[in-house]
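There are 4 protein chains.
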Amino acid sequence: MTDLAAVKTALKTQAVETPSWAYGNSGTRFKVFTQAGVPRSPWEKLEDAAQVHAFTGVAPTVALHIPWDKVDDYAALAKFAEERGVGLGAINSNTFQDDDYKLGSICHPDAAVRRKAVDHLLECVDIMDATGSADLKLWFADGTNYPGQDDVRARQDRLAEGLSEVYGRLGDGQRMLLEYKFFEPAFYTTDVPDWGTAYVHCLKLGSKAQVVVDTGHHAPGTNIEFIVATLLREGKLGGFDFNSRFYADDDLMVGAADPFQLFRIMYEVVRGDGFTSEVAFMLDQCHTIEAKIPAIIRSVMNVQEATAKALLVDRSSLAAAQAAGDVLGAHAVLMDAYNTDVRPLLAELREEMGLDGDPLAAYARSGWAERIVAERVGGQQAGWGA
Amino acid sequence: MTDLAAVKTALKTQAVETPSWAYGNSGTRFKVFTQAGVPRSPWEKLEDAAQVHAFTGVAPTVALHIPWDKVDDYAALAKFAEERGVGLGAINSNTFQDDDYKLGSICHPDAAVRRKAVDHLLECVDIMDATGSADLKLWFADGTNYPGQDDVRARQDRLAEGLSEVYGRLGDGQRMLLEYKFFEPAFYTTDVPDWGTAYVHCLKLGSKAQVVVDTGHHAPGTNIEFIVATLLREGKLGGFDFNSRFYADDDLMVGAADPFQLFRIMYEVVRGDGFTSEVAFMLDQCHTIEAKIPAIIRSVMNVQEATAKALLVDRSSLAAAQAAGDVLGAHAVLMDAYNTDVRPLLAELREEMGLDGDPLAAYARSGWAERIVAERVGGQQAGWGA
Amino acid sequence: MTDLAAVKTALKTQAVETPSWAYGNSGTRFKVFTQAGVPRSPWEKLEDAAQVHAFTGVAPTVALHIPWDKVDDYAALAKFAEERGVGLGAINSNTFQDDDYKLGSICHPDAAVRRKAVDHLLECVDIMDATGSADLKLWFADGTNYPGQDDVRARQDRLAEGLSEVYGRLGDGQRMLLEYKFFEPAFYTTDVPDWGTAYVHCLKLGSKAQVVVDTGHHAPGTNIEFIVATLLREGKLGGFDFNSRFYADDDLMVGAADPFQLFRIMYEVVRGDGFTSEVAFMLDQCHTIEAKIPAIIRSVMNVQEATAKALLVDRSSLAAAQAAGDVLGAHAVLMDAYNTDVRPLLAELREEMGLDGDPLAAYARSGWAERIVAERVGGQQAGWGA
Amino acid sequence: MTDLAAVKTALKTQAVETPSWAYGNSGTRFKVFTQAGVPRSPWEKLEDAAQVHAFTGVAPTVALHIPWDKVDDYAALAKFAEERGVGLGAINSNTFQDDDYKLGSICHPDAAVRRKAVDHLLECVDIMDATGSADLKLWFADGTNYPGQDDVRARQDRLAEGLSEVYGRLGDGQRMLLEYKFFEPAFYTTDVPDWGTAYVHCLKLGSKAQVVVDTGHHAPGTNIEFIVATLLREGKLGGFDFNSRFYADDDLMVGAADPFQLFRIMYEVVRGDGFTSEVAFMLDQCHTIEAKIPAIIRSVMNVQEATAKALLVDRSSLAAAQAAGDVLGAHAVLMDAYNTDVRPLLAELREEMGLDGDPLAAYARSGWAERIVAERVGGQQAGWGA
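Going line by line, the protein sequences match chains A, B, C and D. Mapping of the first sequence onto the numbering used here: position 157 corresponds to residue 157, and the numbering continues sequentially without gaps. Mapping of the second sequence onto the numbering used here: position 278 corresponds to residue 278, and the numbering continues sequentially without gaps. Mapping of the third sequence onto the numbering used here: position 354 corresponds to residue 354, and the numbering continues sequentially without gaps. Mapping of the fourth sequence onto the numbering used here: position 314 corresponds to residue 314, and the numbering continues sequentially without gaps.
The hints are simulated quantities; they were obtained by calculation from the structure and are not laboratory data. A couple of the hints might just be wrong.
What the hints assert, rightly or not - For lysine to any residue, the following SDA-like pairs were computed, each having C-alpha atoms within a straight-line distance of at most 20 Å: (1) D:LYS236 x A:LEU205; (2) C:LYS8 x C:LYS236; (3) A:LYS116 x A:ILE66; (4) A:LYS31 x B:GLY132; (5) D:LYS8 x D:VAL373; (6) D:LYS31 x C:ASP356; (7) C:LYS12 x C:LYS236; (8) D:LYS31 x D:GLU82; (9) A:LYS70 x A:ASP119; (10) B:LYS204 x C:ASN339; (11) D:LYS116 x D:LEU170; (12) C:LYS116 x C:GLN97; (13) D:LYS204 x A:SER207; (14) B:LYS31 x A:ASP100; (15) B:LYS79 x B:THR2; (16) B:LYS8 x B:VAL270; (17) C:LYS8 x C:ASP356; (18) D:LYS31 x C:ALA130; (19) A:LYS31 x B:LYS8; (20) A:LYS116 x B:LYS204; (21) B:LYS31 x B:GLN380; (22) B:LYS31 x A:LEU205; (23) C:LYS8 x C:ASP358; (24) B:LYS31 x A:GLY235; (25) C:LYS31 x D:TRP384; (26) A:LYS31 x B:LYS204; (27) A:LYS236 x A:LEU170; (28) C:LYS70 x D:LEU170; (29) C:LYS70 x C:ALA130; (30) D:LYS102 x A:LEU170; (31) C:LYS102 x D:TRP384.
Unchecked claim - In silico contact screen, one side only, chain D against chain C (beta carbon under 10 Å); selected entries: (32) THR34; (33) PHE96; (34) PHE246; (35) TYR338; (36) GLN381.
Said to hold, decoys possible - The calculated label-pair distances, taken between Cβ atoms and stated as ranges, are: (37) A:ALA323 x D:LYS70: 32 to 42 Å; (38) A:ALA320 x C:GLU123: 24 to 34 Å; (39) C:ASP341 x A:ALA323: 24 to 34 Å; (40) C:GLY171 x D:ALA111: 52 to 62 Å.
None of the values given here were measured: they were computed from a predicted structure. Each residue gets a CB set at the ideal place from its N, CA and C atoms; glycine is no exception.
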């Protein structure tokens, strides 16, 4: 039997970090569709993120992206966030939107570009010092489009060198989270294409370097929960970038494409004590055609529902069936939890937390959506690149 | 034995259409890297396309994209092209870059948006009348991102209705070429995801409607040459959009990712008499990090090399081995052609055509690259969206 | 609001056909693991299938495979089945296990092999006459392993010719259901690789020829429910071969790998009036490591659960949200149905049908599993090839 | 400029190990097609392997598979091989064809089965001692078919424990080569699914444990040459199992599906000094429909051709173009080598080695194929499982 009280306790302490950039405009290479009311500054992004936390209760921090969220006074930004009930989370670097980065950043064949990229990463650690952020999240667009374009192995050497310098700059309590990505925007090779490559580099760097699993960054058919289990077993799972996809890095709302997969991932997190370790649960999504704040609320709820189901798995029955080699019995125990409708449990939980049981309805009633459309007139909407 | 003279004749009459948009800037959703010297108008795109033809001898026409290549006087544009040795080719429509098209164009749930999209397509036929273009090439970004977002089947009804109206507008000698695409920018469904869907619609429309195979628009593992063989057998192959890819619609230079696949495709074209039918051979690529004109020259050469190899297949030996069930023997006949180095043959061919045997070296020597960098200063570079 | 009474009525009349071969042994190319109690004859397979129907109430027919289920007296077989509460379903042909079929069957380069294959198919129609089966289900292992091995297009001609002869033999009320398959056991080309190819052939043959969708026979990322919607729209969906897969044609229990996909497929069936048309719902699975009868019961239940959820979709709310372009709202309507726990509803339904609410528990209590282990001693267990 | 003499020297010392099981029968789960003349014993397999070496000059060793190649006297077997001009190579274990292994071998939930599996591996090391083989090649069919079936992480613990015991048994000069596989015969998880997992285990075991790259064991779109480059950089590439595939683990002749990929892999081997290190180049293929000995000769030649092209890459020009960021120029240098027809060079090389320039024609003329058909009558043909 599962201990419902323990499940609720776990769910109440869950924390999902939302990304500042998901509140701004984004799109595909074909078109960025803008939306009315979108934030025009980091400050307004934080206001929106605070709404998500206000209605879900489990989205207490906001990831920043540098330079998109650059401000003159990070202490003021942190105070602004705090006043709205949220905190500043991971610092995300950007080494892909300058003209210099056409052929890569810290893997670039030209040492001057590599220097520039590393300097940017060092600046991000400075910002972490200012914001109190614990995590530097690194994703590199580095790679090549054509066989022969660059030396695959030399790029690994450059990568190792650049990471090492940045690692040395990390202070106590600061981590470097290295993300891997199967493809895009580089099409032939990416310089950190899989968890194995990220692991190799993190292992050499040391205990402050850990791997980030972005759920959209894998080849078709990849068993992501296996990777999660393996990284937890190795003590190298730093966190997640959640989103969902049907084919590529679609960046759809987490849980929208394959909710069963999300549940299986969350089960391995529970199994590997990931909730009690320092695994960061972050969203990294693009809401190109749907309303942004409700999409993020729904995403947080999707993570919550998958977590609740994972916590409801009757682990002793499961272990017994597994030990007995009872294939159908063990599968059935897992599916029983998945097939449970956890929405009533979560509504009850929210009410216990002083929230509305239905975050989307409550947000819709709040008038925030109408208010930002009315008030955020003029200026430059935030987006990728701003 | 293969008749080398016949091979040469076939190669000399080959025609690869280059796309006006490949001369302008393009990129990924992360960044568009601009290049010096890029055209600032349809006129300048035609100048560049004329260079490609001048050095390869087999790229006599240029596809236009509306509205990116809109001009006041298409007759003047056609004359301008002709004076530079090239002609205007297919007209490509754009129903994806207006804000109205966020949820689709001719499949949109709102009839007003569908009307706008169809009107645009009708305008494209008007332009065909003005330019003398024979082909209207249709690619729709239509689709959905989330299960439930729209009614999959109703969208097919809307698609059929819109296509039917446009089909009715086609004049004698005009065709509608319908492209399919597996994914992107829609991620859950695309409204014409595969050749089967395109075929179903074209079959109902009539003989002026044919299917376009974009080599980058398939699921992993798809046997593209099988589709080519099947469409030729059905008389429904309208043409190709050539490019290459490692994973998604990477839009790399054709032949760069899998030259053996390109050869196999070309072999099925030869086998199915595709060179003597009205199959259009077009490029549709993005040169995001490499120099554009040389990349297009190389692409044309890649198509040429694959074609030469396909023509060199000893078809009577192949047929004999196939009939005998000689698996290894038949495979060997095909591979013999593929393993042949056709570059000397093509150099010879070019010289017979009064061209330099090495188009890339000749282009490099011509000074055109330096000239456009020097002269095309100021103004707005052409790109997706302009 | 959904009409629960109508949902129940629909669920009570649902019919899932189970395949005789799933009760026998099967495996991978590496090993067939035998199981105690497995049937040694078509008669014993029917006994087991009758158990599945007895406990689920919705598995009234059994598909036969020829020659695996060849008997001298099909009328006796039909009577035997009827006495146990089930009927004989589709006849499945086998043109892949004779030595002659190494390079194909009706697409083979040798006319004598093609003749043999067609004769087998004609014999299957004879058997249909004897059993009263309405459907001839055709899956061809035909294809090639190496580029050049055979002529892709000539094989299509042979396929069309063979199918045409068999089609001509079909009587009133008999159908030919043509299955497509992406890969395996042929690796380079399969002769009916996708729904488009199956559709092209069925369209030419006539109204008695329809396409079968095997849910495991697609490229990664393929949107199967789109194919279902399209085939229903064209009146060409003959039926399903249900199973599930993580990567290839894994033939796992339907609903085990991606229950959300199964729900989406079932929703398109409901949407396209597939339950009221002549769509056949069949299982085609291999239970290589799990107990066979319980696995088939679970599979039937998985189809039932997905169907129940599909029927519970609030279609008027969905249509309203779709028409309004409310992406998140429309998605939420669909997800509300999916997230519903339908197990209580189905238990209630079964009790209304005079069955135990929990088929797996009831089967386990029945003693059948122990009985067949005890009684089916000696003889040759049924399997692929027997 | 490339030094042709050095290229030839490298090619003359190349060694490709052929697998004993490729000379026997194999097939798909649907059918094993037997072939006349197939060996009936390990001795006859060695006779056939000796033919491959006799005509190619670069296939000097033969991998054994235990228990398929079990003999009473391994010294006699080694002597028999030596007399025919070949040597015994890697020992391959089999932990997948006993009934006990239904749910795994060294990852099995039952300790008794794990014990049996480890004992088998230890026996393989005994055999290595007897044959003088340096390498123990480990591939595990272990995995699960259904979510929940077993504990993903516990299976890793069991794997580590079992490997550790076997590692401890290795003598001086003996290695353990650990193969990973994406899927099949397990469909939900495999216990060593990717290079990262194999690397993690090998790293912990020590320097005698290295990773084997089977070219058919990856997800679609995986950049295999990147993995090769990375493992070489880490000193952990133990060898290759060569074959080719279009979709799954098709086990076709290496180089048949994507010769350009094979070239890129070989280029990374050259680049990473893999030819001068202890990387083992082995074939692991199934010749289900084609004649086995000629297929293996062709496979060896395909490896040779790809190697020759890789050696012909003008590395100084390549490095210069890469350093300059000349995308097209660097790509062109690589492609120039790939587009070269190396068959004349290899014919010349063979003649210098005292061989016929055309191994396949020479083998065909030798009469061996006819002789084994005539002489190998009766008995039990070797195959998977025998």
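Do the hints match the structure? See the list:
no., hint, result
1, D:LYS236 x A:LEU205, "19 Å, holds"
2, C:LYS8 x C:LYS236, "27 Å, violated"
3, A:LYS116 x A:ILE66, "14 Å, holds"
4, A:LYS31 x B:GLY132, "30 Å, violated"
5, D:LYS8 x D:VAL373, "36 Å, violated"
6, D:LYS31 x C:ASP356, "41 Å, violated"
7, C:LYS12 x C:LYS236, "25 Å, violated"
8, D:LYS31 x D:GLU82, "35 Å, violated"
9, A:LYS70 x A:ASP119, "15 Å, holds"
10, B:LYS204 x C:ASN339, "39 Å, violated"
11, D:LYS116 x D:LEU170, "18 Å, holds"
12, C:LYS116 x C:GLN97, "13 Å, holds"
13, D:LYS204 x A:SER207, "17 Å, holds"
14, B:LYS31 x A:ASP100, "11 Å, holds"
15, B:LYS79 x B:THR2, "41 Å, violated"
16, B:LYS8 x B:VAL270, "14 Å, holds"
17, C:LYS8 x C:ASP356, "16 Å, holds"
18, D:LYS31 x C:ALA130, "29 Å, violated"
19, A:LYS31 x B:LYS8, "44 Å, violated"
20, A:LYS116 x B:LYS204, "58 Å, violated"
21, B:LYS31 x B:GLN380, "17 Å, holds"
22, B:LYS31 x A:LEU205, "30 Å, violated"
23, C:LYS8 x C:ASP358, "17 Å, holds"
24, B:LYS31 x A:GLY235, "35 Å, violated"
25, C:LYS31 x D:TRP384, "9 Å, holds"
26, A:LYS31 x B:LYS204, "31 Å, violated"
27, A:LYS236 x A:LEU170, "17 Å, holds"
28, C:LYS70 x D:LEU170, "54 Å, violated"
29, C:LYS70 x C:ALA130, "12 Å, holds"
30, D:LYS102 x A:LEU170, "49 Å, violated"
31, C:LYS102 x D:TRP384, "18 Å, holds"
32, THR34, "8 Å, holds"
33, PHE96, "5 Å, holds"
34, PHE246, "5 Å, holds"
35, TYR338, "18 Å, violated"
36, GLN381, "13 Å, violated"
37, A:ALA323 x D:LYS70: 32 to 42 Å, "33 Å, holds"
38, A:ALA320 x C:GLU123: 24 to 34 Å, "50 Å, violated"
39, C:ASP341 x A:ALA323: 24 to 34 Å, "28 Å, holds"
40, C:GLY171 x D:ALA111: 52 to 62 Å, "60 Å, holds"
The earlier numbered hints that this structure contradicts are 2, 4, 5, 6, 7, 8, 10, 15, 18, 19, 20, 22, 24, 26, 28, 30, 35, 36, 38.
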